[in-house]
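Chain A is fixed; fit chain B onto it per the hints.
Number of protein chains: 2
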Amino acid sequence: MSRDAEHPDLDVALPTEGQVAPHPQTIDLEDMALGDDYALNPDFVAMVVDAADRGDAERLRELLAALHPADVADLMGFLSAGDREEVLAHLDPEALADILSELDPEIREELLELLPPEILAKALGEMESDDAVDVVEDLEDDMRVQVLAAMPEGERTAIETSLAYEEETAGRLMQREVVWAPQFWNVGQTIDRFLTDSEDMPELFFDIYVVDPSHKPVGGIPLSHLLRAPRETPLAQIMEPLTEIPVEMDQEEVAYIFNKYHLISAPVIEPGGRLVGQITVDDIVGVIQEESEADILALAGVSDAGRDAGVFGIVRSRLPWLILNLVTETVAVSVIGVFQDAIAKVIALAVLMPIVSSLGGNAGTQALTVAVRALSSRELNSANARRIVIRELVVGLFNGLALALVMGLAVYAFYHDDRLAWTMGLAIIANLFVASLAGILAPIVLERFGRDPAVSSSVLVTFATDFMGFLALLGIASLILL
Amino acid sequence: MSRDAEHPDLDVALPTEGQVAPHPQTIDLEDMALGDDYALNPDFVAMVVDAADRGDAERLRELLAALHPADVADLMGFLSAGDREEVLAHLDPEALADILSELDPEIREELLELLPPEILAKALGEMESDDAVDVVEDLEDDMRVQVLAAMPEGERTAIETSLAYEEETAGRLMQREVVWAPQFWNVGQTIDRFLTDSEDMPELFFDIYVVDPSHKPVGGIPLSHLLRAPRETPLAQIMEPLTEIPVEMDQEEVAYIFNKYHLISAPVIEPGGRLVGQITVDDIVGVIQEESEADILALAGVSDAGRDAGVFGIVRSRLPWLILNLVTETVAVSVIGVFQDAIAKVIALAVLMPIVSSLGGNAGTQALTVAVRALSSRELNSANARRIVIRELVVGLFNGLALALVMGLAVYAFYHDDRLAWTMGLAIIANLFVASLAGILAPIVLERFGRDPAVSSSVLVTFATDFMGFLALLGIASLILL
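If you read the sequences in order, they're chains A and B.
Letter by letter, the first sequence follows residues 1 to 482 of this note's numbering.
Letter by letter, the second sequence follows residues 1 to 482 of this note's numbering.
Next up, chain A with everything else stripped away, as it sits in the complex:
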């Protein structure tokens, strides 16, 4: 869990009676730091830039104090590399710990190189284990060795154990800090333990896991249920069945389960069944957003270059897709080359050709996007795939008929040529059908072969609809027009 969950201190609520009122100056800064939309206020950013440029340490500290760690992380994205370094110098290890886990990965990598190993080791000690691992895996090899060496034995071992799990699995996502109680305890014993043994516990938690003598979880108790049960109630009586997460489970799978069963936290178990950690919903919110962003970007044929990538980083994330598009499109237009004579005779074909391929491309993208979404939310699977494919094809035929009618009439009205109108109509019907077929089958087939359907489907579908668009129009024209 992110340590920031402890600091939900965006002061929308201002007059907090019973607390020491902050300095009026600070209130003003907090008020102006964020705009109405909770994004950083450009004027506030300008003030930070100004203070950093002037090297005004006191002013900088004052400005930073007005921000939630998540907002400081955001702020970094608006600063130049030099100003970032200046800001970094004015953060204590605890603030640094909070901010590091919020930072954009690109900026974090840059900042990590600037930090002395001992300071970083201290900041890592302040984090929950999942956040610390997240940072350590970003370090260069030699820096990692130095930082780990500077950490206390226990923390180092915890991080090294987590790093042994594969990326994007439950093992990486979990925090090792977890609250458990033996199954023979009662509510009173459990509550008393919280007052005496709070050193080893996570700062925030929501469920207690009841374990058997071999440390396997046998049930879970939400804190709000524990609080309401009489002290002498045995835990075994109020515990509820658990959804256990195997340590090697893929994070996308974990997110699916959290979302489906509305979990707030879940125990993570080793292959033998022993409790080794927990995953909390606030980490899952991040995963859900990552995964859906990955889908959006993949469908558009662009890799994530990161918010602060330079021009070259962005070019590298896009040019390969454009080159691939160039290759497939070149193959598709080779069809046109074959029918050059037809075009030379009826030049209107050159005008109408892009309409057929564009409509096909759009219809294919529609079918494809809906299919990718349905696959990732598991609404589309082997139990209903056949029904959904057939439904798509019927939709493709119907849309094709409707568009063919509209466009056929338009072509007739403009060119007064009924054979050209028929050619156009039939080509649209053919291409919309191919678009539906490719749009629904490409992602299903890719998924079945273990590929990410969002990544390569677009290329396949666009190729199919462009190729077919040209072939249908020019082929039908050769048959009935010439």
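Careful: at least some of the hints might be erroneous.
No copy is singled out in the list; a pair is fine if it fits within one copy or between any two copies.
Said to hold, decoys possible - DMTMM-like cross-link-like pairs, simulated, lysine to aspartate or glutamate; straight-line CA separation at most 25 Å:
| no. | residue 1 | residue 2 |
| --- | --- | --- |
| 1 | Lys216 | Glu30 |
| 2 | Lys122 | Asp138 |
| 3 | Lys216 | Asp28 |
| 4 | Lys122 | Asp104 |
| 5 | Lys345 | Asp142 |
| 6 | Lys122 | Asp197 |
| 7 | Lys216 | Glu270 |
| 8 | Lys216 | Asp37 |
| 9 | Lys345 | Asp417 |
| 10 | Lys216 | Asp36 |
| 11 | Lys122 | Glu110 |
| 12 | Lys122 | Glu160 |
| 13 | Lys216 | Asp341 |
| 14 | Lys216 | Asp31 |
| 15 | Lys345 | Glu293 |
| 16 | Lys122 | Glu153 |
In short, the hints are calculated from the structure, not lab data.
Relative to chain A, chain B alone:
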């Protein structure tokens, strides 16, 4: 909060010592109900269909008992209308309550029409207020009146009050059940209250809100902190600043705040500042997924027809976008008509034309998608817009140069015509620049005018790149080739 959070009972953990072991037959069913990927097992669905078709009530109840409510809701999606009705008849009000809030909206509407008002009123009484409101707003007017009339006074008023808030605002999202304590209480008093006064409280909660005498929240205490504080500690001493959510805030805004500050729950306040409810993170997970799905679908030019929409529903969700595409594409190709003579002279232009527009379309979609994503995560705003627009244009120029070089050489190799190669190269550079410009500016401008950038940007960008693709190639050809 969804009532299902109480039932995290997907039995991955089987032998729960200390609990009564379920009947062996049931274990087998639970084991086989879900596949390895936690989706429903097609064989299990077939068993349900079979039992429903035979009207075998006992078998049906046995099968349904093996499923989590979320899985029963999923199951409904795989059944015919007749089988759904059969399954519905075998659910008691409590199970019904759990399942209704999980169902796909299309199916829910259909099932709600089949339920007698008294049964539905009873099921609504079992739900938390936010889930109940969600169902009631789906009811036909006359059914709504009947159902509300059949509910106890208090529950009816709660639902009617919530319905008064606008859709997709915090007011609709919140549950009215909330745990609060006066600011002069101490920890002991607060904990004791949970044992005596648990009737009015939500089943599950994570934070206690401390309120002043006018019922305005002044601080929050996570349960895990409350449990660890000595009994005599005043609440005011351990409470933390809160992020308050105004009741009229848009749900997308709420999701942004939850995600940014890693909140688990947050108090909802009326315009005067009084505490009126709370929003919990599990409701937000749903909102985040809804919003990102909406973005994905909007970018592909398709409305969400729902998983179980019929052919006509799907056609209605797609055909309008295709017709719009037809219109814009027809305008774009009118450029080709103007240059018919050029094509008639150099037929290779008809072959190369689609490559220029396709490359532009792809590059535009890339820039657009990245911009839409950055806008919705607020990484792109007025503080850095200028820098990002300039960066996009440089990227567009660079990609244009690279692709122009590749394609210019290819054209020369194939056609042995250096002027045609220059024409192609220059057209690609021009169109890639326009693609970058349109791709980054369209979403920014739309957002500034208060429109959803995901919805109409694609149409604008595709139009711009197609139009420019044709114009650049044919126009340059007329100048230097003819």
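_Earlier hints that do not hold, by number_ = 5, 13, 15
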